[in-house]
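**Student:** Sequence:
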Amino acid sequence: MSELEVRELRYFIAVAEELNFSRAAQRLGMAQPPLSKAIAQMESRVGVRLLERTTRQVRLTTAGQVLLDQARIAVEAVHAAARRARRAGQPTPRLVVAVKPEGDAGLLREVLAAYRGTGSHLPPPEVVVAGSGEPIAMLRDGRADVALLRSPFDGRGLDSQTLVVEPRLAVLPAGHPLAGRRRLRPADLKGEPFPRWKGAAPSNTAYYTGCDGVEAGDAPAGSAPADTPEGPLVASVEQLLEVVALGQAVAFLSLSTTKRHQRPDIAYRPVTGLSPSAVMVAWPETSRSAAVAAFVQAAHDVAAHHPDHMTAPAY
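Residue numbers are given in UniProt numbering: position 38 of the sequence shown equals residue 38, and the series is strictly consecutive.
In short, the hints are calculated from the structure, not lab data.
Just so you know, even glycine gets a beta-carbon here, dropped at the ideal spot from N, CA and C.
Mixed in with the good hints there might be a few duds.
As the list claims (entries may be wrong) - The calculated label-pair distances, taken between Cβ atoms and stated as ranges, are:
id, residue 1, residue 2, range
1, Leu246, Ala63, 45 to 51 Å
2, Leu4, Arg183, 53 to 59 Å
3, Val128, Ala304, 23 to 29 Å
4, Asp69, Gly273, 31 to 37 Å
5, Ala63, Arg94, 40 to 46 Å
6, Ser120, Gln41, 50 to 56 Å
7, His305, Arg59, 50 to 56 Å
8, Ser151, Ile73, 17 to 23 Å
9, Ser22, Arg72, 18 to 24 Å
10, Ala187, Ala74, 39 to 45 Å
11, Ser22, Ala187, 46 to 52 Å
12, Glu18, His305, 47 to 53 Å
13, Arg72, Ala174, 41 to 47 Å
14, Arg94, Arg59, 41 to 47 Å
Given the sequences, and given the hints that come with them, work out the whole structure.
**Tutor:** Here is the structure:
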């Protein structure tokens with residue numbers, strides 16, 4: 001079997017995502033006949049059927065789904081390699097650190113100071129504060145070298161190390177009937193609407209709704225009950241707190257985040273059996289950067305003095 005080209009993988013990804021040759025051709029800026037021919041040639045070269053075509057629909061075969069998953073990784077890696085090469089060739093290279101608001105458990109400033117103290121031979125750090133889901137995307141596409149992330153996240157293509165693990169608390173309107181309780185269980189909030197995080201993978205829904213633990217109620221671990229109402233779409237902690245205060249939803253937030261956002265119209269309550277929040281440092285698994293290694297070591301050293309530190313091997 002001959003090698004597939006990046007151009008062909010891009011063609012296949014477009015068809016596999018659109019499941020329509022006309023829309024895929026329009027998305028790629030090309031005519032449909034050469035696109036159909038290219039996909040047929042790919043199938044011939046790979047030696048298996050990738051798509052099931054009828055006059056009414058296009059569906060991925062099992063082999064096609066595998067190729068789609070791998071093609072995304074491959075194309076992503078090619079683009080990331082080019083971007084990292086351009087950045088490495090800049091006159092004044094920098095270590096780009098991606099983080100989202102409330103995503104560092106208060107560690108970032110100390111980690112930056114520890115990294116700067118390792119020596120002037122390392123490139124200066126440049127912190128990019130990004131929205132929900134963006135730090136992971138920046139690591140994958142080469143815009144960032146290292147990131148501080150909260151679990152859960154898709155670790156495909158990444159190495160990571162746990163820094164701190166802290167409990168999550170229930171976030172309730174101050175007038176909510178459960179706000180008078182000293183401690184809750186996830187099942188106590190069954191039937192309550194939960195905010196939907198912008199950019200969050202559907203697989204993370206169980207975590208955000210508290211249905212991924214052993215005491216999450218009747219739903220199997222790793223899934224949210226089918227009758228869980230959807231709350232408003234949110235993109236920040238501030239927005240989440242507003243919709244909770246207005247009675248539109250309840251939520252769960254990490255202990256360090258709740259300490260930063262004390263409000264009279266919000267009640268925070270401990271939850272027995274709720275999975276914790278872990279802060280992790282992550283970097284591309286192919287990285288051989290001395291600067292990345294120094295940052296990871298600095299993060300490990302700082303976290304070692306944190307009360308919620310979880311011991312993990314260094315970079």
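**Student:** Compare the structure with each hint and give your call.
**Tutor:** Hints, one by one, checked against the model:
Taking the beta carbon of each, Leu246 and Ala63 are about 49 Å apart, inside 45 to 51 Å as hinted. Distance hint check: the CB atoms of Leu4 and Arg183 are about 56 Å apart, consistent with the given range 53 to 59 Å. Range check, Val128 to Ala304: Cβ separation about 26 Å, and the 23 to 29 Å hint holds. A C-beta distance of roughly 33 Å is found between Asp69 and Gly273, which places it inside the suggested range of 31 to 37 Å.
A C-beta distance of roughly 42 Å is found between Ala63 and Arg94, which places it inside the suggested range of 40 to 46 Å. The beta-carbon spacing between Ser120 and Gln41, approximately 54 Å, falls within the hinted interval of 50 to 56 Å. In this structure the hint that His305 and Arg59 lie 50 to 56 Å apart at CB holds, the actual value being about 54 Å. One distance hint, 17 to 23 Å for the beta-carbon pair Ser151 and Ile73, holds here, with the actual separation near 21 Å.
Taken as a hint, the range 18 to 24 Å holds for the pair Ser22 and Arg72, whose Cβ atoms sit roughly 22 Å apart. Between Ala187 and Ala74 the CB atoms are about 43 Å apart, so this pair conforms to the stated range of 39 to 45 Å. Between Ser22 and Ala187 the beta carbons are some 48 Å apart, a value that agrees with the proposed interval 46 to 52 Å. Our hint of 47 to 53 Å for Glu18 and His305 holds, since their Cβ atoms are close to 51 Å apart.
Checked against the hint of 41 to 47 Å, the C-beta distance between Arg72 and Ala174 comes to roughly 45 Å, which is consistent with it. Evaluation of the 41 to 47 Å hint for Arg94 and Arg59 yields a pass: the beta carbon distance comes to about 45 Å.
The structure agrees with every numbered hint stated previously.
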